[in-house]
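Chains as they are written, first to last, in my numbering: chain U, 581 to 1004; chain H, 581 to 1004; chain Y, 581 to 1004; chain V, 581 to 1004.
Because the hints were derived from the structure by calculation, they are not lab data.
Copies of one chain are not kept apart here, so a pair can be met inside one copy or by any two copies together.
Cross-link-like lysine-lysine pairs, in silico, DSS-like; alpha carbons within 30 Å at most:
1) LYS619 - LYS768
2) LYS768 - LYS850
3) LYS789 - LYS850
4) LYS818 - LYS716
5) LYS619 - LYS602
4 protein chains.
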Amino acid sequence: MQLDPNAIADYNQSQLEGHQRKLSYWTQEVATAEPIIRKLIDFQIAIPSWALGTGGTRFGRFAGGGEPRSLEEKMADVGLLHALNQASGAISLHIPWDIPTDYDAIKGLAASYSLAFDAVNSNTFQDQPEQELSYKFGSLQHVDAAVRQQAIDHNIDVIRHGEALGSKALTVWLSDGSCFPGQLNFRKAFGRTLDSLGEIYAALPEDWKLFVEYKAFEPNFYSMTVGDWGSSFLYASKLGPKAYTLVDLGHHLPNANIEQIVSILLNEGKLGGFHFNDSKYGDDDLTAGSIKPYQLFLIFNELVDGMDARGMNHATSLGWMIDASHNVKDPLEDLLQSVEAIQLAYAQALLVDRQALEEAREANDVAQAQEILQDAFRTDVRPLVAEARRRAGGALQPLALYRQLNVRQQLIGERGAKTIATGL
Amino acid sequence: MQLDPNAIADYNQSQLEGHQRKLSYWTQEVATAEPIIRKLIDFQIAIPSWALGTGGTRFGRFAGGGEPRSLEEKMADVGLLHALNQASGAISLHIPWDIPTDYDAIKGLAASYSLAFDAVNSNTFQDQPEQELSYKFGSLQHVDAAVRQQAIDHNIDVIRHGEALGSKALTVWLSDGSCFPGQLNFRKAFGRTLDSLGEIYAALPEDWKLFVEYKAFEPNFYSMTVGDWGSSFLYASKLGPKAYTLVDLGHHLPNANIEQIVSILLNEGKLGGFHFNDSKYGDDDLTAGSIKPYQLFLIFNELVDGMDARGMNHATSLGWMIDASHNVKDPLEDLLQSVEAIQLAYAQALLVDRQALEEAREANDVAQAQEILQDAFRTDVRPLVAEARRRAGGALQPLALYRQLNVRQQLIGERGAKTIATGL
Amino acid sequence: MQLDPNAIADYNQSQLEGHQRKLSYWTQEVATAEPIIRKLIDFQIAIPSWALGTGGTRFGRFAGGGEPRSLEEKMADVGLLHALNQASGAISLHIPWDIPTDYDAIKGLAASYSLAFDAVNSNTFQDQPEQELSYKFGSLQHVDAAVRQQAIDHNIDVIRHGEALGSKALTVWLSDGSCFPGQLNFRKAFGRTLDSLGEIYAALPEDWKLFVEYKAFEPNFYSMTVGDWGSSFLYASKLGPKAYTLVDLGHHLPNANIEQIVSILLNEGKLGGFHFNDSKYGDDDLTAGSIKPYQLFLIFNELVDGMDARGMNHATSLGWMIDASHNVKDPLEDLLQSVEAIQLAYAQALLVDRQALEEAREANDVAQAQEILQDAFRTDVRPLVAEARRRAGGALQPLALYRQLNVRQQLIGERGAKTIATGL
Amino acid sequence: MQLDPNAIADYNQSQLEGHQRKLSYWTQEVATAEPIIRKLIDFQIAIPSWALGTGGTRFGRFAGGGEPRSLEEKMADVGLLHALNQASGAISLHIPWDIPTDYDAIKGLAASYSLAFDAVNSNTFQDQPEQELSYKFGSLQHVDAAVRQQAIDHNIDVIRHGEALGSKALTVWLSDGSCFPGQLNFRKAFGRTLDSLGEIYAALPEDWKLFVEYKAFEPNFYSMTVGDWGSSFLYASKLGPKAYTLVDLGHHLPNANIEQIVSILLNEGKLGGFHFNDSKYGDDDLTAGSIKPYQLFLIFNELVDGMDARGMNHATSLGWMIDASHNVKDPLEDLLQSVEAIQLAYAQALLVDRQALEEAREANDVAQAQEILQDAFRTDVRPLVAEARRRAGGALQPLALYRQLNVRQQLIGERGAKTIATGL
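Model the full assembly from the supplied sequences, consistent with the hints where possible.
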């Protein structure tokens, strides 16, 4: 579907008075509003191609309707999101599902939606129909060199697709691990995985990054071969300067202090990027900010502090991506909610009075340090985020407009009620 | 496939000398060997029909071969397990996948394998192709009375199938819950679920039990409407004397003291039965005893103590069933391992010197109480369990014989390498 | 110390312009401001006498200064908090530390501070110097009837002290449990504890409540005899209509859905009250709202919904109390922060559009239900809470005024730098 | 007290027949018995001086009797343990509590008990009475350079004490961290801690090791500055080749795979040693093997495999120490139980058929790999451990003999019933 070119402008006009009243109150009270708005405009969060359809669990999947049936339709969906919020200006592809048949056409399509190609993602956690050897017992860790080679070749193949489209990073998430004590020689599995990653690393273009994602458990339920930030850091350090750790918020043991991990990795120069989502129990892949919004804010608080300390560009130095699964919501609505929550956390982190915070810390004034963070978090920054969207050409309230325009109904009309997005 | 009638006897003969040497040492040292062996012979663990094929996760499924393609083949598989270990003498069916076309034929088949029909299981966590209304937002909890009625009718239908086969219990596991704060009115969801269960309860035959299974999370990732033993107990108490709580070992929050829960439920007369498995992180559905064998022993320690205190028959008063998922092992091998682990835990629990334990407790002699439990757990009871199998007509080492007979290869020959068990 | 009677008025005058600007924006945008302010004025949170001094861990305690040395000084501290925030109008005493020598004098003192006496708390988790029998192996669960009787008598004694002061509830938190498998016969421990509680229940005045608090772990590290809401509910149900479950936010296993527990208990008419605090790992006893403010809001969301559904008075139907430990902050500052966080969560819960929420739920509109809750949570309700304080005679910003008045320095001057509050 | 020199020999004689019957069965069945016995004889586990008295929690402490009142009495207690089990031949001192007044006398005393001095432990998690600056807000991480210097000096002082006694390692466990979001600048705290450790490292004698212990939480409840193995590894790597990570089994988040961590650290050459204990919820400091004995075995399985792969001496390459807290048991009984459990796990790990295990792994034979580990774990190796003790001059059943000799009663007689061990 195509958004009516005037839809956003008309909608914003209808909301403008209320918005300006809230915003004017804001700009009156807070001196830093303007630079925050400018940073928000620059800040883009990539949408993964697999998050555009309804997700599921091992217990089943309850399909929605109007899901994208092709790479082109996935790009149309992200283009639509980006038109609405002007903050989703990149798509992250998943190979083998998103292999273009015509690279130039796809690049042209991306340009028409103002979309960049974010990190490309390989897949060795499933067997594909045409695949020669099985990943049942792992891929880069496999005891059989032929299976490892197949997985290495696949990753290099993914790099090549990404190069052709203008991506600059490969994300490697490995489900490799074991389900039972005894199954794996941890030492050897580590060594084989490192060697395999080394071959992939060697095939990286000069200006690319390799993101090594870690995960504590699932789908292996005893050990994961890249199981925590410490392991990922070890791999990335041994691989070289182009290798980094990628943090998925749902990939930790219960009660982990993720913001501290983020701070350490950033300080070591080894933080590569994020998969945003939220969770209560495991890798629940829920909407960002829907369960623990304060944690999301605290993570951004470390990011802003750490990136500024290293003179890093907020928008471009790290990879920002959503990784979520939408079991009970319209995927596009869910993604709009996630992006909004991420923007709010970022805006609140920008609002923190860092000088006062450091002074409180130097004085061991714990209550005051808490007050400073809470003051930022308790502030209603929604008008700022809406203003950033408005200035960038997006909708003041993307979700409201999405509903007003009956987007999902139109998509169902175009694509059918029983479609299943590829790659799920 | 059919086991060669002499295969077990021949195998046992070949192992007999070593077995008897171990056993004689045992019976020489421990006075209680004989009654333990007799109790082990009586103790049967039901196999669920869905555990006979390769399981998977939301990230994929790596098929094995020779999986059962029909109810008849599932029964053959359980029959084979039972022939080997003489401890798997019941099958637990899952409707709609295991609906018999000819009840008498199925009952005859069961008799030929010496199998009973354990609790029947309904399914409202997936939509079936022909299903009118969707369970996407729950079944017995659903806001729409028509969906609830459909789920109620399905459960009553399951009871009818079970009646025709000789089952005596219905297990209701509900995936009902919510994925996001706000989604559900907990109060109303509880009330609707209770009302729905009430209608199912009303349809129970006089001599049946209703097992209300609880689970902390998954597939819903914010709340589960029957989320813990307290909730299940509430439902079961309000429903009436035929309703009981069913404990699945993998359905708890981290660090839960399951054995204490078991003790409380047993003491309240509301423990109905078990789904055995093991896990490290969540509902990992691993082989029983593969991760926390001491916990399994402690659970049986409470069971033996509590059942004896209430004069309950160990073998028949509660429902004993495995619920596991085999992602990387041959399902039949995995089930043989699970049954063995359960038998070992039961045997060790029977070995506990209960009088000495109570004396230590009365004296607050904590170190001694610990010694008494550890003494039982550290004892190698494998000869006892093997002897129980031998006397009952099973194999001394079922897994070893299973491999020696190349059972899986034969099943692949009969059924094919690419089969997928129904109901997965 | 005494607050200068004009201190608050002067301070508020100095802050008034800014406050009114924020408030007027608020009342302009939100129609429900006025009734929320009125409910906030009525809502009082009791302060426990043990939270007025510096807390510690088993690894040590780093004392602050100016801690209260007597019941009178504890009341002065709570009186000061209440003067500042007009929301801490009750004190919860801990026996044996807070036994008055002159009841009338203490009641007069309370009246002078406008303080009520909230639930009284017994203590059987420590041995007192003069105590005859030890609670090393439990109190109400103890195998020795004489120890149980001592603990029962102590609880009845606590009731008598409470009666004399005008309390209306007894909170029983038991550390009873076991540290090792085998130590305890769970069944018998449950029975003994129930019998002991029954004797305490029998001694309750007609208009009193008994709060049975549960806790998952610590200081016993294998089992707790009142370990979860299900257990507490069982005890309270068996005891009778005056017995209720008390929820301490830090007393759960990791990832527990506390708001659902609250909803169930409320719906069963068995929720008695709260101990507010926050935590990341266990019973960390941190400042309310400092770690998971959204969870605190979700709990209040259930409370408001459930209390309204049963026609319960928000302010008086349940017991509201803080239970925290201040290891690195000034206790009074910490308590001011906790009360503020609780008020904010309550105000946000009052702000939820319940009719719209129910409509979204009835329509299975999950995204909308989330939006409705987030809309309330993202709203900056601090002006409302400040206004409620102002109207009630408290300070617009209690913590800021506390610091401006140098309260802690004055207390150190009066009481000394090395005091240790009794009961720690 | 002094053990009657003949007590052990007499006791063993009384038990010999039963022991030899069990052992002969064993040596008949298992070819590897003899080398396992020899390795067990060499394997010594250090006892920390703080574990000889009754422990407690923040909720209180229930004293036992006969606790050691001085360094000399602590050494006598460890000497007694070692006489009984011949496996506790080292003591680990805690400074400032265990500072000798006469080094030569203490060394002579140690020699008389055949005790070595294991790693020495510094203490900066409490303030000592005479201490100038407080560690309330950390020690090596502190914002104030003077506090850091005080903590550095203390650690160097501890090294000097250890040198004088013949220790070869310093264990640094830091409680440094934060209780609230905002309190700490993670980056700067890491840097300050690293710098401080660097100064301590610089003061290490040539042949010493520095053990950097990590802990996930407690006593700080938001962040710990050495919070996980990844952090500890980072510090140790930056410090240099004499710095290692120390693993305390209770210092992890829920569900952590400790054995995998052990394997990775060992493989990186950065595993320094262990603090053995067991736990269900947090740092519960329970008797080793009392909660998760299979996990303890799996850890030893990795240790044996990894040390053999690197040609390391099992007994001397790593630091083996218990760290436990005895709240409800006689400390000496608890320690005897812990040492026994560790020896059993080690013996079972030695029993694993490593060649068969590697073959199963190479064949992806998961069921067989599990069988191989379980076969070792299910074997009753108690006769082997008893035989190792007997040959080394210890008692066949140390705990039984300890009780038979009424050791605790004698200690109470000598030291009094109300003693409190120093350093608790």
